[in-house]
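A.B. asks: Listed below, chain by chain, are the residues.
Number of protein chains: 4
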Amino acid sequence: MCRWAAYLGEPIFLEDIVSRPAHSLIRQSQGATRCVTPVNADGFGIAWYGERAEPGLYRDVMPAWSDPNLRSLVGQVRSRLFLAHVRASTGTATSRNNCHPFTAGRWSFMHNGQFGGYDSFRRHADVLIRDDLYQHRKGATDSEALFLVALGEGLDQDPQRAMECAVGRMEALARQKGVAPHVRAACALSDGERLYVLRYSSDDHAPSLYYRWSDSRQGWAVVSEPLETDEGDWQEVAAGSFCVFGATDVRIGAFNPQNLTLAA
Amino acid sequence: MCRWAAYLGEPIFLEDIVSRPAHSLIRQSQGATRCVTPVNADGFGIAWYGERAEPGLYRDVMPAWSDPNLRSLVGQVRSRLFLAHVRASTGTATSRNNCHPFTAGRWSFMHNGQFGGYDSFRRHADVLIRDDLYQHRKGATDSEALFLVALGEGLDQDPQRAMECAVGRMEALARQKGVAPHVRAACALSDGERLYVLRYSSDDHAPSLYYRWSDSRQGWAVVSEPLETDEGDWQEVAAGSFCVFGATDVRIGAFNPQNLTLAA
Amino acid sequence: MCRWAAYLGEPIFLEDIVSRPAHSLIRQSQGATRCVTPVNADGFGIAWYGERAEPGLYRDVMPAWSDPNLRSLVGQVRSRLFLAHVRASTGTATSRNNCHPFTAGRWSFMHNGQFGGYDSFRRHADVLIRDDLYQHRKGATDSEALFLVALGEGLDQDPQRAMECAVGRMEALARQKGVAPHVRAACALSDGERLYVLRYSSDDHAPSLYYRWSDSRQGWAVVSEPLETDEGDWQEVAAGSFCVFGATDVRIGAFNPQNLTLAA
Amino acid sequence: MCRWAAYLGEPIFLEDIVSRPAHSLIRQSQGATRCVTPVNADGFGIAWYGERAEPGLYRDVMPAWSDPNLRSLVGQVRSRLFLAHVRASTGTATSRNNCHPFTAGRWSFMHNGQFGGYDSFRRHADVLIRDDLYQHRKGATDSEALFLVALGEGLDQDPQRAMECAVGRMEALARQKGVAPHVRAACALSDGERLYVLRYSSDDHAPSLYYRWSDSRQGWAVVSEPLETDEGDWQEVAAGSFCVFGATDVRIGAFNPQNLTLAA
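Residue numbers (full-length UniProt numbering), protein chains in the order written: chain A, 1 to 264; chain B, 1 to 264; chain C, 1 to 264; chain D, 1 to 264.
Okay, chain A solo, but in the shape it has when bound (with noise of 0.2 Å):
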């Protein structure tokens, strides 16, 4: 599992959300309290959308707390909309290719959850990637695919239809050759205008989530874990959950992933 924290609203310093609040996420990376592994210390990325359409990228493979890098960069960089992710690897190498965020275009994705017994169908996962957006398959992860799976299911037109396609996809592979639990998500996705969020699961162990919305900073936050335990209006996304946040609204319907059966 991992932990990861969303911003969309006026720009605020990075560090607002990454490093200074008492539960900030560099925090849950030494920490975590709702999770079952507290050390989230396989390196992290952080996606920030700023002048241009397509978001800036920094990840690396150290813990997000011993990085003098990210240190500075989030103390610098003033963002509307951002992710940031701190990883504990399910399996997978600690390699930047494999830590989240992921970018394509102006798209930006992360994930905190997994996929049961994904090396076992790792190769049928890459085939679901359209032809035209395997460049950018540079790791080996489930999330990097169920991303590019959903950017080919139509992420520009229909955010919330192209992920329900792109789990139940991932899913149905899970199901027929994986283990159980076959789906854990809570996932953030943007194009750079809204924030997209997901928490669901096939049993009812979905990853935690709660989002805020914060009068003094006019933005919403959404993360894994609350960032101050003195702040008794964090809400908690109910698991099956679809948000769609925008400048100061937030949508929630419910999150239906295709219900598909693979040919053997």
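Keep in mind that the hints were calculated from the coordinates and are not lab data.
Copies of the same chain look alike in the list, so a pair counts if it works inside one copy or between any two.
Derived lysine to any residue pairs resembling SDA-like cross-links, with alpha carbons at most 25 Å apart: (1) LYS138 <-> GLU15; (2) LYS177 <-> ARG123; (3) LYS138 <-> SER19; (4) LYS177 <-> ALA104; (5) LYS177 <-> GLY240; (6) LYS177 <-> VAL127; (7) LYS177 <-> GLY91; (8) LYS177 <-> GLY117; (9) LYS177 <-> GLY105; (10) LYS177 <-> SER120; (11) LYS138 <-> GLY192; (12) LYS177 <-> ALA88; (13) LYS138 <-> HIS182; (14) LYS177 <-> THR92; (15) LYS177 <-> SER202.
Assemble chains B, C and D onto chain A, guided by the hints.
C.D. replies: Positioned in the frame of chain A, the structure of chains B, C and D alone reads:
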């Protein structure tokens, strides 16, 4: 392109090939003389056979000349059979998982060369990898794909035939979807007993390749570029050859990739 | 030796200096034309000033051309004042803490050149660093020592005098304990307001250094090598000069290191 | 704090200490049980003696558990004498040069513990290093300084006395300029023949330290934490002890740092 060196014979310190000769592999990483990219600084790797059936593997992303771990390792480790590689990327990212050699079980493999337009048929190349070998697909290079395709074609049973199949299949993809030059390859591979080497290209620019028996070392060196300028007895491996080096003998034959036509 | 580039003016994307010009700093890392070491691949770094008094700092040990984080960062970050450096080690280890620029508080500093025989008087150079500044001594280079000695000599009050003192003290050590050439230096430093540049050597081989005002950018570039071959209006900084670049003006004077004789 | 393990005896694969035991050093890097910092993920290192007088050295900045090079190396290299360390920084940067063990000539050294307020007297500690040994000062840790001071005090002639001098000098600095606790230290060092170990603190919280003779391996293991929970015969090293391990014997005596008063 890249540069590489391999050794089979009485155990020697890796540094006797990697760093001590006047035109050692590390020197070639700074200033190769027989290829178009004189600087080969996009990572490096060594695979060596010791007491176990599986080889050791050490790879990193900095230039070979600047890594103190490498310098220390090649001064300590003595081996009867090893592969060493310095990389100049032809496009794929600089990451440990894209550095040569690649290993799977007792096999090790490295490659200098390229498949033209590989990015446009990467997914098709991945599909050629056998399902049970896909767990070894960690990076994104054409070279790793070639190795894993060859494993699936029976490296264990008949190395030459397996390589002829694998190169043939990849060449067919390159001809169908890629760009010229379709194949340029100097490969070394080993099962821990013998050292197999091939030099081939679909045009008339096969990567440079030489070999030499050393009486003082009682061993074979096979290299992209001769290690000493005053050793006049380096033999060029002819383009279109497959060589099998044993403890004291070498058998050289024609290398003929399968001529395949792919269905559209 | 190394190569570097600095900018002061209207905010531009870092890539406009670092990676986009025909002979950009990254190109110079692969093939510098005006110094004896064409390849500058022993790490790199950038320091940039944004909304805060202290600069951001990003440094890593791979060649500048192969780091995707750097590529992304220079395409996202826009700055009115920044320093960028690619390193060719003159002996010290390749490590992040030995990469330029160095920073302390609001100051940033980078250096191309060397102090002859520095290894033989490193400890004596460290002793010159003021006690309260020693916390900033993270690596082992002569360049970082020079910067910290200069800070202790009053960079805040009088940058030129502080650099003349610091270079003078280091040169005295080199003359007493080192080897020729005693000093070769092209330095850039900044307090977040002005850009200070010096070119000096104790022999007649000062590192190359040029500057140019760009009307289109409304800013100054100071570089080891001109960024475009078709821009004829690059001015050479004369050896033995100290330059103070302001928003639209430059003041150039003689740089005379203190002539010190050390007690044995 | 950190965790470490050392071995002297009949040659074994490094993995027999580093990664295979139920509470191996790598396990301790993820969940140490006898120190206040359960996670020791700020880099790691191994120094091992082979055929040469000088030890091999492999260090890197990621967590020990996530480095495939380390996993491969400890499975290939067999040694009669080695030191292995996982680091939890007490403030100094995570960099290879700050990772233990440190080596100089035939000596290797590692340390678990700290000198209180070291940042406030770092420069004074550096001044204690002998001029001709200063070339080995590559990082910024108190541990490396302690090692180099001890080398200058005569490790070659009398290891215990040299360590008593070095610890005494550093402790005097800590008492004069630092903060409590002034010294906490569990150190292992070797000249390639014997394994020297000390456990000491200026308060009553010396870092945990145990040793055990293995009949099956015919060797000594000295460790921060016992490697197997079902081995009841681990002996605690008493605080204030200096141990000299030979092939089959150990000599344990009192460790009394020199009581020095520094002139103001």
